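Chemist: Chain by chain, the residues run as shown.
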Amino acid sequence: MRAFIGIDLGSTTTKAVVLDENMDVLGRGITNSRANYDTACKVAKYEALLAARFTLLQRGLASVVAAESRLEDFLGSLERSFRLGQFVEQLDDLEETCLDKAKGDRFKGREAAIAEAIRLIFVALRADAPALFARDARRKSDFFRDLAGSRFMAVGQETAKAANLSYDMLLNLYDKAIIEVENRPPSGEIKDKLLRALARLIDVSPELADLVAEVSDPVRAALDIPAEEVAVVGTGYGRVTLPFSKEHIRSEILCHGLGAHMMYPGTRTVLDIGGQDTKAIQVDDQGIVENFQMNDRCAAGCGRYLGYIADEMNMGVHELGPLAMQATRSVRINSTCTVFAGAELRDRLALGEKREDIIAGLHRAIILRAMSIISRSGGVRDQFTFTGGVAKNEAAVKELRQLIIANYGDVVININPDSIYTGALGAAAFARRAVAN
Amino acid sequence: MTPPAAVIKDTSMLKQKEMISGNYRKLETAVADGRKVAATFVPGNLNELIMCFDMLNNLPEINAIQNGLRKKTGAYIMEAEKRGHSEDVCTYVKADLGMIAKGNIGPDGQKLPDPDLLLLSYTGCFTFMKWFELLREHYKCETAMLHVPYQGDGRISKNMISYVVKQLREEVIPKLERVSGVKFDIDRLRENLARSARAEEDFVWVLESAKARPSPIDAYFGGVYYIGPIFTAFRGTEDATLYYRLLRAEIAERLAAGQGPVTPAGDMPAERYRLVVEGPPNWTSFRDFWKMFYEDGAVVVASTYTKVGGLYDQGFRHDPDHPLESLAEYCLGCYTNRNLPSRVDLIEQYMEEYQADGLLINSIKSCNSFSAGQLLVLREIERRTGKPGAFIESDLVDPRYFSPANIKNRLESYFQMIDQRRGGGKSVPARAA
Chain A
393 MRAFIGIDLG STTTKAVVLD ENMDVLGRGI TNSRANYDTA CKVAKYEALL
443 AARFTLLQRG LASVVAAESR LEDFLGSLER SFRLGQFVEQ LDDLEETCLD
493 KAKGDRFKGR EAAIAEAIRL IFVALRADAP ALFARDARRK SDFFRDLAGS
543 RFMAVGQETA KAANLSYDML LNLYDKAIIE VENRPPSGEI KDKLLRALAR
593 LIDVSPELAD LVAEVSDPVR AALDIPAEEV AVVGTGYGRV TLPFSKEHIR
643 SEILCHGLGA HMMYPGTRTV LDIGGQDTKA IQVDDQGIVE NFQMNDRCAA
693 GCGRYLGYIA DEMNMGVHEL GPLAMQATRS VRINSTCTVF AGAELRDRLA
743 LGEKREDIIA GLHRAIILRA MSIISRSGGV RDQFTFTGGV AKNEAAVKEL
793 RQLIIANYGD VVININPDSI YTGALGAAAF ARRAVAN
Chain B
663 MTPPAAVIKD TSMLKQKEMI SGNYRKLETA VADGRKVAAT FVPGNLNELI
713 MCFDMLNNLP EINAIQNGLR KKTGAYIMEA EKRGHSEDVC TYVKADLGMI
763 AKGNIGPDGQ KLPDPDLLLL SYTGCFTFMK WFELLREHYK CETAMLHVPY
813 QGDGRISKNM ISYVVKQLRE EVIPKLERVS GVKFDIDRLR ENLARSARAE
863 EDFVWVLESA KARPSPIDAY FGGVYYIGPI FTAFRGTEDA TLYYRLLRAE
913 IAERLAAGQG PVTPAGDMPA ERYRLVVEGP PNWTSFRDFW KMFYEDGAVV
963 VASTYTKVGG LYDQGFRHDP DHPLESLAEY CLGCYTNRNL PSRVDLIEQY
1013 MEEYQADGLL INSIKSCNSF SAGQLLVLRE IERRTGKPGA FIESDLVDPR
1063 YFSPANIKNR LESYFQMIDQ RRGGGKSVPA RAA
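Listed in order, the protein sequences are those of chains A and B. Just so you know, we're using this note's numbering here: the first sequence kicks off at 393 and counts up by one. Just so you know, we're using this note's numbering here: the second sequence kicks off at 663 and counts up by one.
So here's chain B without its partners, still in its complex pose (with noise of 0.2 Å):
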């Protein structure tokens, strides 16, 4: 493995490091510019819309990630705590209440400006609801609210997808003139609509590189980093547009040179398992968790996690042409409001089409909702694939609940399981002990 020395940062990274950070600047004088703020969560969040309004997106929830990976969220949780929220509560909120609690600073160390509109754009889970509720009691700001129904069948109808349209058309737009004062011009949503469809497919490409052995990219890890653009602040912008072209420039070239994933040490040497993950991975200790997979040689072939914000591999775009209803059907499409089965049969396609030698879930102690029935998901996934599972838990941005020695355990243990089974089982003579 190179040494660590190699932080040369691939030009994508940097270019979105600078998006990242042009945003928080952005949102750091967007009330001396005048500008309108909008705050919403990851899935469903309908960025292309909200550019039509000139208005700026805050992401509560990658506020959280930000300063979990900036090792902040833990005196933010207390203090969220200290003001009455219990310790089963979601720790991306518990971190953005304690935030606010503490003056708003963001995670680049300025203050955050108050949202103008908080958008809830997706209810398929509940607590983003009582969080909103929470921070439209703080801000006494304007809410709106799209409901999203729930794939309980597993599939989308055109009802749900004109349920959607509708209040797009009767609620969340005329919210969004009445905040902004700008006017609602379709044919702007159209061109953002047609940058981010160019970037999803670049972004597929992306992910299914991973389908190569040795896969080029490690589709967690890094995986959360190539998300990074389409699902927050950027889908529908040149910028996110142009991020993915590099990206996938690079990640071209990896593949072409036969070359494995980049990790924090360096490039991997060698890919010894390939895995399936689902569930998000732990911010708090980030590089610690990366470490334990690639230094035994584990590579994340494909995640559930990265399909939070979309599920553009299974072939939904933007489509120009219908926006309204392209935007309903990706609020109802994201791997959060799929039901189990249909989960259940995305991880088997994934565990077949990418040749993973089995699946990890990594279930997250505060979140009841998503992790409910994950241990049926490992048991059914094993059962359809004779493919080794295994199953560890520690949290989002709470470093309380990350427990490097067993975790590093139960994933030495389980990649040695891998090894053993791969051994065809050869025979142990079983001699009177």
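Bound-form chain A, shown alone (with noise of 0.2 Å):
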């Protein structure tokens, strides 16, 4: 397997794309940047690989599990197996730490006790792993530290109480561990991994045992494939931290375009809401940036507009989609200042509106932003591709198709379920060319 890597380093997420000498794509792998983009690259890049092994996975025993439905089935439980390895390999991680962390005069005569309870806390966390990789199971997230954290908190108050230990001291020992665990790229082969998941599938799903008999050669075939990283190339604020040279570099601008263009090759206005800038880019029928305009001096209108949004409503920002899509009418949101907003929406609470129809405006008020970025960048043209996390936001899509039409006439509104890898995956096709070349 000779892999191009994309990796998109952003505000909120880094994003990783694996890409083969077809252009097809192998594999896509994400996290949350945190604060260190170093080791978000690594652990993008893993994922995105450890995704390519799956698609190796699938391509290999296509042939031997005639049927698709059995064949997807069996990989979903092979990498439910596998993510669920992951997690009590960082939930041992995590409890080493912590109790690393609880060392020191401070906790003099209550190290037995604070022990204790991180111990039970880890029991409670590890026993409950199991139903958060079950089929079918909901995460509200897939990474790490939203898992872990949760469950931590729920779990830390009933057992601080029990100890009669300080809850908030618990805590403060898993914010310290947290940082540091998550800060550990994972360790070990992918394909060890997967082999040891393979094993414990059995165990898990006894009905699955003559099927991983079967396809256990093909598996161990498909493992067997050497991946070779041929080119990388980095794209995102975080890029010029990479540890690349400037030829590996590409602006985001570029890559979006070029991956928008990928997606649907009619595209020729991409609008890109990520975490700290709306982009708005005019590509040509190859993918080449002809112009471009971003969100100068104010970031109000960008994907941490709806994040402190979230937070002032006490919501995860997942759920302001959905809830503004109840709305019977818009209220109507004048600021452009993301501060500004979040005055605006109490404001209107106080007044007796409807949440659902004040966090509409909200969204309307974003797009609204983003609708003059595009003007300026020469405005929308056939085919129009929205790209970026806020993509996946149902009610700003809404918005924004109502907008376009009443400004645009009939156009062609792309949004792809993988948008958010957009930028990786221009910069994967970067990776290629640079080596075609």
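No lab work stands behind these hints: they were computed from the structure. There could be a bad hint or two in this list.
Claimed, not checked - Taking lysine-lysine and the BS3-like style, the derived pairs with C-alpha atoms no more than 25 Å apart in a straight line are:
id, chain 1, residue 1, chain 2, residue 2
1, B, K764, B, K792
2, B, K1070, A, K638
3, B, K953, B, K1049
4, B, K698, B, K679
5, B, K792, B, K773
6, A, K638, B, K953
The model shown is predicted, which means the values in this text are computed figures rather than measured ones.
Work from the hints to combine the two standalone chains into their complex.
Modeler: Take a look at the structure:
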């Protein structure tokens, strides 16, 4: 497997895409950017290479396992088993790190009680783990920090109370430990971990035993294909921190333009709303950037704006879109400043406006900002492709559709479910091209 | 790139430095020396005329720029804002008012004299008028205003010239005589203008050297130094004539040796991008801003900012045979007095004559009158030349409005975009993703 890798280091998440020589996507990986781009880069790449390995498995097993649904079921089970194994490994690391943080004079006389409390918490966390990765389990996030953190808080409170320890102190240990743990990139070979996951699969799902025996050889064959990282290109805000030479770094403008073109070759205008910037890009029929505009001086109207509003509302950022979709009307929010929008929000709530109507208004406000940036870049040309984290928000998409149609008429609007990977895809294409040239 | 240890300054640079500090020294001792002082602006400045009355020339814009380069303007602007000037007001104005409020200590640390005359010789920037209104209120001194008609239809008519000449004769010169106590001598003006024309000839030669590949100069970051004497208190002096002779000789040497421009980090090794730039530079982060260009091999081959004090490269010369008429023509012809269509024509001409790869606009946040329409300029140039354009925003001397990460990101994207376009748009197979 000759792998061409693109990595997009965004302000919120870091994404990686692995392409093969034919420019087909083998795998994608995503992680939170933390404050450490180096680790984020390693984790995203690891995830993308893991996904690539699954693609190889799928290709290798397609002829062995004739029924597609059976193959997908098997690969899904294998991945869940792998994720569970990885999650438990990180829990072990987190427990050990928490214990390590509980040393010193500050804890004198309470060491045993603290150690026991931590042990109990992690026993509970490990017991909960299989349910998190069970078939059809719904997780609010796939990032270790979010999964482990929410369970730690839930279990920690009771445990602290029973042990007569301060919950804040336990939480403080967790906070210190999680930073270290999430900044340790995954260790060990993907191949070995997958083989262990395969072995566990039989324990968890004995009904798959026959199938596992049947695919054992082709699985090994697919895992034995060596992965050669031919070229890596980085993009995004953190790109300068990458240990790459300058020719292996591309601006995210170029990467988004090319990535959107690869997803939809008819693309002429791209709108990307990411964590801290909004980009409007005009591309030609080859995906080459002709013009671009970005938000300047102010990040109101970007992903972080929604994050801020979610915090103000005591909600998760992913809950905003669905809530706004329940609106019966849209409350007018005039502010172009994130912080002022928070003030307007509280004002409207006090006036008795419905939450969903206010949130719908906020979605309209950010899309209005984006429309202005699009105008500056030269307007919307057919086809229009919307990318970035905010493209996953259905309420934002709804407002955008309305405004595009009202201002530019009947234009094809493309939104790819994997649009968050657009920049990384473009970067991977640049990696492939660099080698071709 | 040679190490920055190579701070051996060119003779011309040392000469200019000496000229600038010499002028500040004269300003410091003006009261003791019994010299009268005029304050005036860069576009349309009447230096040759002011010299006829033995007056010194103090330019508030230049003080703001010099303070910006010395990172003093942030505090001055805050001081002006404290005194009620809004955040959106031109930051040259606020830097000047703040400096005055804090004791009027000039960029080189000495007190500047109160002006005896506020000479508003160009009205294309309406803010200039408001600026001097505030200064008049403060100094309670004489004010002379020369109304310069805007080139609304892109040309200078005979009527416009005679209108300006009439004001020079009837309003400006009598006031200069009254304030200075010196009688106007038109022959003295002719001599000054003859020296100006000689300097202008060499200056244009230097600007046009950028047509060569590689360009021996950076016509924006280097250009702002080259315009120094001719745009300010030295046009018409022997010093300025000598400065441009020295500069021309230095650039001729670089040209003959096939060298690129000098940068703060030494000689620029390879010219990768040739740009035309519209709009003034940011002064408070001037070095950082410049670095973003030369590090990537970007050279500015022509800029409109170096034309705000006169469009000499379009053939205009101060003319000793028609002294007042040529001063009028000079005021009318500044870049800032041109309408949008003629600005577009000029930029298009630069794009072609200087074989530029693209147009970059640095739009100034606190200058609404000049920034208005710049996006349209960009579009039109892209349409006419087929070359890519880019748009960044910063400010003149307000350090709060220079965001290095954002600007660098846009510039890098722009340079890579030029590369990509040069690649002739190699097709990328678009497989299902």
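Chemist: Which numbered hints are broken by the structure, listed smallest first?
Modeler: When the structure is compared with the hints, none of them turns out to be violated.
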